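2 protein chains.
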Amino acid sequence: MAKRSYDQFCPVSRSLDLLGERWTLLIVRELLTGPQRYSDLKRRLPGMWSNLLGQRLRELEDADLVVRRHLPPPAARTVYELTERGRELEGVLLAIARFGLPYLDAPTEEQPLQPRLIPGGIAALVRTEELPPGALTIGFVLDEGHWTLRIAPAGPAGSKLSDVERLDVVEGLDDDLDLNVRTSLPVLLWLRRGKLAWREAEDQGLVELGGDPSHHGLLHRTFSPADVAAAA
Amino acid sequence: MAKRSYDQFCPVSRSLDLLGERWTLLIVRELLTGPQRYSDLKRRLPGMWSNLLGQRLRELEDADLVVRRHLPPPAARTVYELTERGRELEGVLLAIARFGLPYLDAPTEEQPLQPRLIPGGIAALVRTEELPPGALTIGFVLDEGHWTLRIAPAGPAGSKLSDVERLDVVEGLDDDLDLNVRTSLPVLLWLRRGKLAWREAEDQGLVELGGDPSHHGLLHRTFSPADVAAAA
DNA sequence: CCGCATCCGTTTCGATACTG
DNA sequence: CAGTATCGAAACGGATGCGG
Chain A
6 MAKRSYDQFC PVSRSLDLLG ERWTLLIVRE LLTGPQRYSD LKRRLPGMWS
56 NLLGQRLREL EDADLVVRRH LPPPAARTVY ELTERGRELE GVLLAIARFG
106 LPYLDAPTEE QPLQPRLIPG GIAALVRTEE LPPGALTIGF VLDEGHWTLR
156 IAPAGPAGSK LSDVERLDVV EGLDDDLDLN VRTSLPVLLW LRRGKLAWRE
206 AEDQGLVELG GDPSHHGLLH RTFSPADVAA AA
Chain B
6 MAKRSYDQFC PVSRSLDLLG ERWTLLIVRE LLTGPQRYSD LKRRLPGMWS
56 NLLGQRLREL EDADLVVRRH LPPPAARTVY ELTERGRELE GVLLAIARFG
106 LPYLDAPTEE QPLQPRLIPG GIAALVRTEE LPPGALTIGF VLDEGHWTLR
156 IAPAGPAGSK LSDVERLDVV EGLDDDLDLN VRTSLPVLLW LRRGKLAWRE
206 AEDQGLVELG GDPSHHGLLH RTFSPADVAA AA
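Taken in sequence, the protein lines are chains A and B.
First residue of the first sequence? That's 6 in the working numbering, and the numbers climb one at a time after it.
First residue of the second sequence? That's 6 in the working numbering, and the numbers climb one at a time after it.
The hints are simulated quantities; they were obtained by calculation from the structure and are not laboratory data.
The reader is advised that the hints may include incorrect statements.
Said to hold, decoys possible - Which residues of chain A face chain B? A few of them, derived with a C-beta cut under 10 Å, are:
1) L31
2) V84
3) L98
4) Q116
5) Q119
6) E134
As the list claims (entries may be wrong) - Here are a few chain A residues that sit away from chain B, every Cβ distance over 12 Å (derived from the structure):
7) D12
8) Y43
9) D45
10) S55
11) G59
12) E64
13) E66
14) R74
15) E86
16) P137
17) T142
18) D180
19) D183
20) R204
21) L211
A quick note: this is a predicted structure, and the numbers were derived from the prediction, not measured.
Cβ atoms here follow ideal geometry from the backbone N, Cα and C, with glycine treated the same way.
Please model the complete structure; the sequences and the hints are all you need to start from.
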């Protein structure tokens, strides 16, 4: 019994043959934060049932996107991690996350904000078109925790880094921050979506900026819709 | 009966709630080339049955990604086209297409090369990291037809264009080409994947380059794997 | 002919239970 | 902890039908 396929000579069809089944890309999302055990994945994907998780993991293994690794005793456990090919999916997830941002409003009781998903969310929020070519680190002091956005230099002329390669979000605050922002993730989301103006947010104390004031404009543009940034 | 949802506060989950069902992204792929009639879509998505197509189109309409437009008589027909929000999916499709390229080998009888999918394929093949900031037009004289890749200038410092915005592939050959390439799409695919070296391909007459010879190195790097390009 | 809607067998998914 | 087995429900594949 062959797996069903779109059966077209097209890179999109082929990708979707591998990734298009339900839950598959969410497993990849989880594994992008590092190797995970079966039970970790199960816990982090509520609504996904054990039998499906097992099946999907096997499919991802068959596609050489995930490997099952047995850790040596005494830590005797099995973990799943992305292969090099699997890590190439980061660009796909980033694009999907960017598209999905406008559909997010505020977390609720049923859909709480999950701290482990915040790094990916922050990376998706960045309008990289506005970034200068140099390196930059921005600290986020959110109600939900502390993260640092590390922006790598764009690269030597003639070979630039992609967005995925430039953006890295890690937990905690680096020592040598160029900028820091105190706010909450929903506020950041509203600013990025243009539902809230930076000026207003700062006046109301919803955001507080630190670091080199000459960079504040950059931050405003980076976390605003394109049209708002262009008008300002 | 509510649609099933991953029910998480996450931009990826939310996107997949809208786009994750079977066939949905392939419909978007088709609509990215312009408005289509119901029967056009049906013909271009073999294996997708009428009932599902109708259902998906309604879902896409509900999500405000597609609009149904009635053309005035005498051309009385209904066409489906992407909304502005829907066109934002181009970045998602580009990322997915890039990921899928390594899984493509050569067209077969059952999976023939579809000319209308070539523009998207060419755009996905470009390693944009290698592109210079200026404008560039490259003509492709393929066995399968003629296309022009128009690369827009990267944009004024401080507000760069994204890959999606820079790359445009149109049918036919522009008059003022900076470069032109005569080859076939499978050869281009092999070059990009590193299964074939440019040097070898040129020696064997599989590729023929025209235009400013000083740009040929750029073309070699742009359509090669990153490691091969770096070594050269 | 175009734009769907209806019907039905098959596959996949959701949910619970069970095993090494 | 790391999965597999089972079974009803939902989604999908495939074909046909019908009004404009």
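For each hint, the structure was consulted:
no.: 1; hint: L31; result: holds, 7 Å
no.: 2; hint: V84; result: violated, 22 Å
no.: 3; hint: L98; result: holds, 6 Å
no.: 4; hint: Q116; result: holds, 4 Å
no.: 5; hint: Q119; result: holds, 7 Å
no.: 6; hint: E134; result: holds, 5 Å
no.: 7; hint: D12; result: violated, 6 Å
no.: 8; hint: Y43; result: holds, 19 Å
no.: 9; hint: D45; result: holds, 16 Å
no.: 10; hint: S55; result: holds, 17 Å
no.: 11; hint: G59; result: holds, 19 Å
no.: 12; hint: E64; result: holds, 14 Å
no.: 13; hint: E66; result: holds, 16 Å
no.: 14; hint: R74; result: holds, 23 Å
no.: 15; hint: E86; result: holds, 18 Å
no.: 16; hint: P137; result: violated, 7 Å
no.: 17; hint: T142; result: holds, 19 Å
no.: 18; hint: D180; result: holds, 28 Å
no.: 19; hint: D183; result: holds, 16 Å
no.: 20; hint: R204; result: holds, 20 Å
no.: 21; hint: L211; result: holds, 19 Å
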